[in-house]
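Asker: In order, the protein sequences belong to chains L and A. Residue numbers for the first sequence follow our numbering, beginning at 32 and rising by one. Residue numbers for the second sequence follow our numbering, beginning at 36 and rising by one.
Don't read these hints as lab results, they were simulated from the structure. Just so we're clear, the structure is a prediction, and the values are computed from it rather than from any experiment. Hints are not guaranteed to be accurate.
[Unchecked claim] Restricting the straight-line Cα-Cα distance to at most 30 Å, the calculated cross-link-like pairs of lysine-lysine (DSBU-like) are: (1) K130/A - K77/A; (2) K77/A - K59/A; (3) K219/A - K280/L; (4) K280/L - K143/A; (5) K314/L - K354/L; (6) K109/A - K143/A.
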Amino acid sequence: MLVAAELTERLLRKAVKDNPSLATDAARMADFTRQAMRSPETLVKDDEDKAMLLLEKAVARAQRDIDDELDAMYGTAPDAPRKPPSKLPQTHALLSRCIECDPHCYDARTLDVIIMADTFEQAIDGLSELEVEARQWCQERSSLYDDAVADPWDAVFMRPYLRMRARRLDLLVQAACYRQALNLACEMLDEAPADGQGVRHTAALLYARLEDEEGLNALDVRYGREGSCWMHIARSVLLYKLGRLDAAKRALNGLARLCPGAAFFLASPSYVPPYLPDRPVFKPGSADESLLACYEADFLVVDTPEFVTWALQQPNFAEAADKFGNAHGGEY
Amino acid sequence: MSMVPASEDFERLAVRWASSTAAKEYPNLVAMLSAFPERYAKDRDALPQTDADRAFALAGRAAQIFDHQVIEAKTQDDVNRSTVEATAMVDEALKLDPACHDALRIQKNLQRPTRQEMLDFLVEGAERVHDECAERARAVHAMPMQGHMGMGPYMKPYLRWMLDIANEQLSLGRYRASLEVCLKMLDADHDDVAGFRQVAALDYVKLEDEAGFHALRERYPGDDNAWFALAELFLAYKRRDFEAAERELHAIMRTYPQAGITLAYQDELPAGLFGHHEYAEGSDDELFIAVSEAAVVLDENCGDFSSPLSSWISMHPDVEAARVLEESRAQAAQEREGGDQACL
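With the hints as constraints, model all of the structure from the sequences given.
Answerer: Listed below in structure tokens is the structure:
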């Protein structure tokens, strides 16, 4: 999430609400947008938007803190129980300021629940409890400012709630509660079918993990066989798991051909910082997409321990991995 | 359910003896069978047996050495000595009987194949192993009746062969394939002497298929084995029903006296070479072995760290308290023993 971009959109919605004629005046609209992007602080009037300004700082701080924490963690106990990045004091202080400024800043509250939880159970329960309230509030704000939209994701005031659910989805996957995760993903896709957050990608991986071929096919059809990197990975692994190796090879060829870098990233898992507050933006069909998809698919791939070994025995896949590795100075 | 080489050797020789001329001295079957244990105890080697029986006995002893002595060895020297000894037994077994299925399985394992190679080897041989076992069973008129394959000792090597297939598939992340083998074998052997139900329970957990697991449990009313208990616990955790998970945890701790230590450390043994590692029902060993085999669930999605489920169990306050109590009890017992020895 680019906090600044979303704040711009919020400011614009509010301005139009105050002054409907703005919507029909393209020149003034462009001026306003420019100003909102360049110096939003001059346009921010209420606590809700002030909190968004603070949130931007908190998110940047969270990324830095997590990097530091990971550096520290990898230097120490290998048996340390895995838990969400927790108790980042500076991030927490910044988030607390957001929440003080606007108790309904649900992006801040989502992050705060995650970083302050001692265990996955606490983080998941915390978000679960908060969701009811977040949903109600966001719906109210949205009905006030957002135009009638086809999909909840298009309503900018609904997004903090939708993001909160997406983070709970990630946590369920990390806690290996796959059936629960899949149920939540399906609920989310019914709630916001246009799926601006890419929940379907997570769902594809979950269908593969639970060896539900029918479910995976139905999902693929529902989204017009768009051929995301997630879907290619899900299909390759699922067919491999089901022992249909010829079909798996075809799926793997598709993956190697259509998803730049995917073969390399599967063979050599790369680090991606946690999604706070959401999955980074990527260009469809780019190496960025492959990197994210392979990172997210890790839970599926490590659960199928010989999949990568087998994949590297397939000439096209190995060649794609080599080529990408050579071009980008990496090895696997 | 676990299998024991020594009892299987006894069963094999009993079956062969019953079909041999030696048995004709007895007036009836009951008299004959009641005389057998004494004969077996007195002079096993003098009983009628084929090279295949001798090979089986050797392979069984080798499996015991790998599953017990090698694992429990204190020094690397002991490990090496036991390994050399058991490997020689496997080679000897295959010299006596090139079709000794247990020896073939163990020998392949000793070559350290990848899981996929091991699985390919087992799948390739499965049909042949079945036919050879059946042929041998028929030769001594001991072909078990349909649906009770485990009643005939000569069919048991095939059960172990298939159990290894199911286990390899479970480890490879091919849960439906593993389940398919288990369900087929549970139909072939209603008594399930090999313990396919335990592997199936873990498959259902991995697939998070509650309905499937409960249908499995219903086939075995009254069986509260540790795998079933753990599967209930895991499934409750996965559906985030912590009350139920805690209930299961407490039930496990009531059943197995050393549950605190076992659940806190969650140690992992190498896979048994003669089916599941041997255990007495309701013993601490049972839980220990079940937890070890459940590593596929406990280590799920955890990278270098322990998984949330594994930590939830090991760091549960009741598990922690039980562990401390068990350890202090064990220490006290050790000191008492030490004290006694000092008195002597």
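Asker: Now, for every hint given, state plainly whether the structure supports it.
Answerer: Against the structure, the hints come out as follows:
With a C-alpha separation of about 27 Å, the suggested pairing of K130/A with K77/A holds against the 30 Å cut-off. A hinted pair counts as satisfied when its Cα atoms are at most 30 Å apart, and K77/A with K59/A qualifies at roughly 20 Å. The suggested pairing of K219/A with K280/L holds, with an alpha-carbon distance near 28 Å, which does not exceed 30 Å. Among the hinted pairs, K280/L with K143/A is consistent with the structure: their alpha-carbon atoms are about 28 Å apart, no more than 30 Å.
Under the criterion of a C-alpha separation no larger than 30 Å, the hint pairing K314/L with K354/L is consistent with the structure, at around 21 Å. For a cut-off of 30 Å, the pair hint linking K109/A to K143/A stands: about 26 Å separates their Cα positions.
In summary, this structure violates none of the numbered hints.
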